[in-house]
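Using the sequences and the hints, build the whole thing.
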Amino acid sequence: MALNDSHRRFLQVLMSHGIMEGSAVRTLHRHCCEVHKAHYMHDKLDDFVGVINKHLQPLFMQIRKGTDENDGKGYYSLVNIAENEVTKMAMDHTEHELELFRKTMDLIIDSDNGFASSTNILNLADQLQTKKMKKKEVEQLLQSFVQEKWLIEKDGEYSLHTRCIMEMEHYIQSTYQEMVKTCNICRNIAIQVDISELRFLEIHFINWKKVVILEHPFK
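Numbered per our numbering, the sequence shown finishes at 235, counting up by one with no gaps.
Mixed in with the good hints, there may be bad ones.
[Claimed, not checked] Below, computed lysine to aspartate or glutamate pairings styled on EDC-like, alpha-carbon distance capped at 16 Å: (1) Lys151 to Glu115; (2) Lys81 to Glu115; (3) Lys170 to Asp62; (4) Lys81 to Asp63; (5) Lys81 to Asp108; (6) Lys147 to Glu115; (7) Lys165 to Asp126; (8) Lys81 to Glu185; (9) Lys197 to Asp126; (10) Lys170 to Glu194.
[What the hints assert, rightly or not] Pair ranges (Cβ atoms, derived): (11) Asp171 to Val67: 39 to 47 Å; (12) Lys148 to Ala40: 27 to 35 Å; (13) Thr191 to Val67: 27 to 35 Å; (14) Thr198 to Thr146: 30 to 38 Å.
The set of hints was computed from the structure by calculation and includes no laboratory data.
Bear in mind that the values here come from a model prediction, so they are computed numbers and not experimental data.
All residues carry an ideal CB built from backbone N, CA and C; glycine is no exception.
Quick look at the structure:
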């Protein structure tokens, strides 16, 4: 199927947002089809995205769907699938900023719960090989990473944003290999996991909550 104006508008909006929640994407799909008088079927979003992805393939870009580890909602993001590390971020950040991000990822993935404390990240300031940073600079950079949706912050701790996991899936798997956990329910990369004491399974926190509710429904 040829790329038409409805596909182009859809792609432009998604690019401007970076990542969008599933319900917003479904609304966007309908809007783009209606504006450009293209045939619309509410259950054909995957086919619609598939047409765009076919034309993005030569550019090493792809629209991917992922699941947020905190709320379990589906998200869509336009990602760079080139295999060189942290490709997308290299466009907006210096070498020492990327080094700090990599070391932050090390802390997050090596942790038991998928979070790194702000204290531990700030302590990386004088451990960088490319350029030493002041702790105030690290704090400001962490805020930038959160605003750009590479990290999330929760009660003074940081984890990887859904966008980051989707964008850097290949990099995460190739770099951390056996350290990377896979959720036994949704089969996606699991950064925030709960090790089930009953089944010894690695499960996303959000999926583990669903299992508990099913096995122990509210009375």
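Okay, the hints, checked on the actual structure:
no. : hint                         : verdict
1   : Lys151 to Glu115             : 15 Å, holds
2   : Lys81 to Glu115              : 27 Å, violated
3   : Lys170 to Asp62              : 32 Å, violated
4   : Lys81 to Asp63               : 13 Å, holds
5   : Lys81 to Asp108              : 24 Å, violated
6   : Lys147 to Glu115             : 9 Å, holds
7   : Lys165 to Asp126             : 21 Å, violated
8   : Lys81 to Glu185              : 12 Å, holds
9   : Lys197 to Asp126             : 11 Å, holds
10  : Lys170 to Glu194             : 26 Å, violated
11  : Asp171 to Val67: 39 to 47 Å  : 42 Å, holds
12  : Lys148 to Ala40: 27 to 35 Å  : 41 Å, violated
13  : Thr191 to Val67: 27 to 35 Å  : 32 Å, holds
14  : Thr198 to Thr146: 30 to 38 Å : 32 Å, holds
Comparing the model with each numbered hint stated earlier shows that hints 2, 3, 5, 7, 10 and 12 do not hold.
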